[in-house]
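Q: Here is how the chains run, residue by residue.
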Amino acid sequence: MEFFERFAVPHPSPAIYASMVAIGLVVIAIIAGLTYFKKWGYLWREWLTTVDHKRIGIMYLISALIMLFRGGVDAVMMRAQLSAPENTLLDAQHYNEIFTTHGVVMIIFMAMPFIFALMNIVVPLQIGARDVAFPRLNALSFWLFFMGAMLFNISFVVGGSPDAGWTSYFPLAGNDFSTSVGTNYYMLAIQISGIGSLMTGINMITTILRMRAPGMTLMKMPMFTWSTFIANVIIVFAFPVLTVALAMGTMDRLFGTQFFTMENGGMDMLWANLFWVWGHPEVYILILPAFGIYSEVISTFSRKNLYGYKSMVASMVVISLMSFLVWVHHFFTMGQGALTNSIFSITTMAIAVPTGVKIFNWLLTMYKGKITITTPMLYSLLFIPLFTLGGVTGVMLAMSAADYQYHNTMFLVAHFHNVIIPGVVFAMLAGLTYYWPKMFGFMLNEKIGKWTAWLLSIGFLLAFMPMYITGLDGQARRMYTYSEATGFGTLNMISFVGAIIMAVGFALIVYNVYYSTRYASRDISSDPWDARTLEWSTHNPVPEYNFAIVPEVKSSQALWDAKKEGHNLFKGKYEEIHMPNNSGAPFLMSVVFFIWGFAMIFSLWIPAIIATIGIFAFMAHRSFEQDHGHHISVKEIEETETKMRGAK
Amino acid sequence: MKELFPAKQVLGFAFSILLTVVALAVIFLDMSFQMGMLILLVTAFVQAGVQLIVFMHAGETEDRPAIYTNIYYGVIIAIVTVLGTLLTMVWDM
Ligand code: HEM
Ligand SMILES: [Cu+2]
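Chains as they are written, first to last, in our numbering: chain A, 1 to 648; chain B, 649 to 741.
Excised from the complex, chain A in its bound form (with noise of 0.2 Å):
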């Protein structure tokens, strides 16, 4: 009994013990559905096994959206806390609780999934590649960030969920302050998936530095292509950080180093110091691919070739080096002088020029354009005089001195979702939108995608704005109630209407699926909104090669001249095409990761010895493994060539 009482949950409460038996009956459901439906073969054959980029797309994106599910109902919880003085709804314990696993959701396992499913799905497209430069390894980063994930969402049911913030700085985070295994299961989970998001990156800028189309030269790349390449550069080298950190930590917590401790010669603040060297860089890692997205959709809704190519490059390029230039701006009050402090102020300043160079040629884009408002190209209007708001504010916390009075306050919450929403989230949403007939074959309907628009923007607005007043008149971050006195309670009752509208936004995204998916029309073109890239010119839904014969480019849009000036981007005639083998390896590997995790987690050590050599003869035997792929014959692209124009 005692070896069992280390999985109780340290702080139940019924709410808790209903999801437990939600999640039991959830997996008997999932299990029995499969198997009366024999899906267990398909479930095998065309997804866990798949190294398409297509479809580990779908997968991330299916992914990202159950983990946005979970994390706006962690945000529904606050917000009700928060919506009246003294509520008693949650107490701090489960408050404490909700807020980390809220942030590294939303961070690790939605905003991260979901801008690696878009370059998953776009890129080699875009670049007229018929996959990524390593279909195996990117498997295999899915699978990792998945079992990552899902490692994490077990603890608040399995042990206790971390609360020590989506931060987790020490000593907070110590076995001192922090006693249930709930932070273990922060190291650990994001340990997992940070692992497979370095290995997308070195994948994505092999694949776009070795395997696009004849003739498309790194200044005629589609921006979305751009913007991918800088930001897995970003990844290549922010999250080597994050691993040391996250493993001194794992560390500190498990095997009693002293690194971030107070005695002994440990250095508490150097956690957050390691943390914002990952964690500045991170944040441009998720706006620089919507940043992406909102390129190609406003050139594409303006009918104009994108506005300033080149200094849109130059500025992501500046981005990319200066994000890590100013990670020193998040912890302005943790003691070092002020010449430090106004250092790090003005390179943070100097990192919004670039990023306003981009509002302005965004603009510039759509001047004298032939506008058409389709939801993407909402999304992208919202995004512009929102997102700026946000980069508004973000520049007023820039200033260190200032900072001494926003940090930690509903103000700088106020900020970063002011920038993530209608900056990554949007984006994704536009994206979702805009690239759904490329993955689906059909539109999703644009009467409900408008409203999910309008409502999500409302929502946000309604619910971010107030916190600028309540932060200002000094509402902490991370409290999980205040007092009547404060005279906060109106302004957060506002908030949580917001947060209230934004959730029926999210389920109206739900809803427009199954809507489309019902009634929406099958008889669509390959290109369904009249569009400038490559991705459009292959057909709907995309065969397994991408391509039947690999285009020619000669410009940033090479559908859009093609269409114009007529001429052919597919010259030649079909020839065999080389493809990878499906595997098991890379799911199989994961589940053994996710075994690995838990078992250090709970300090279980034979668990744990046995499946670090599991992950071992893994590597062991693909090392060895021989495997050339196969070949799909000239005959076999005739028939679906033949048979996905005929479905046109």
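These aren't lab readings, by the way, just hints derived from the structure by calculation.
There may be inaccurate statements among the hints.
Unchecked claim - Partial list, computed: chain A residues near chain B (C-beta under 8 Å):
1) Phe237
2) Leu325
3) Val328
Ideal Cβ positions, reconstructed from N, Cα and C, are used throughout, including at glycine.
We have chain A; now place chain B with the ligands onto it with these hints.
A: For chain B with the ligands alone, kept in the frame of chain A given last:
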């Protein structure tokens, strides 16, 4: 015959052994902590360079510009991060 003998690799190998011996000397010779760290740091970075250029063939293919850009970028970021950290956590505390 000249083409067959990998002179660069053999020399590189000898040199990297030499660097290892020098680094190892820090333990066996009596010197101050600062001196020891300095020797370790210098030999470590030179060693990494030797490995990259001689044994991992950086710059021998048409990827040369991409690889070197990457290395310089990484070095710059590493230096800035380390100096910034020292400034924040030690020098200006
Ligand atoms: C004009 C550009 C920006 C500037 C000048 C800026 C400035 C700042 C500053 C100074 C802070 C720290 C404030 C404090 O802790 O007191 C901060 C926090 C934050 N920013 Fe920004 N920011 C900008 C853009 C962005 C973007 C584009 C994102 C994400 C997509 C972002 C995400 C965040 C997050 C997540 C935090 C808070 C992290 C935490 O403490 O949990 N920011 N920003
Ligand atoms: Cu930052």
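Q: For every hint, state whether the structure bears it out.
A: Results of checking the hints against the structure:
1. Phe237: 5 Å, holds
2. Leu325: 6 Å, holds
3. Val328: 5 Å, holds
In the structure shown, no violation is registered for any of the earlier numbered hints.
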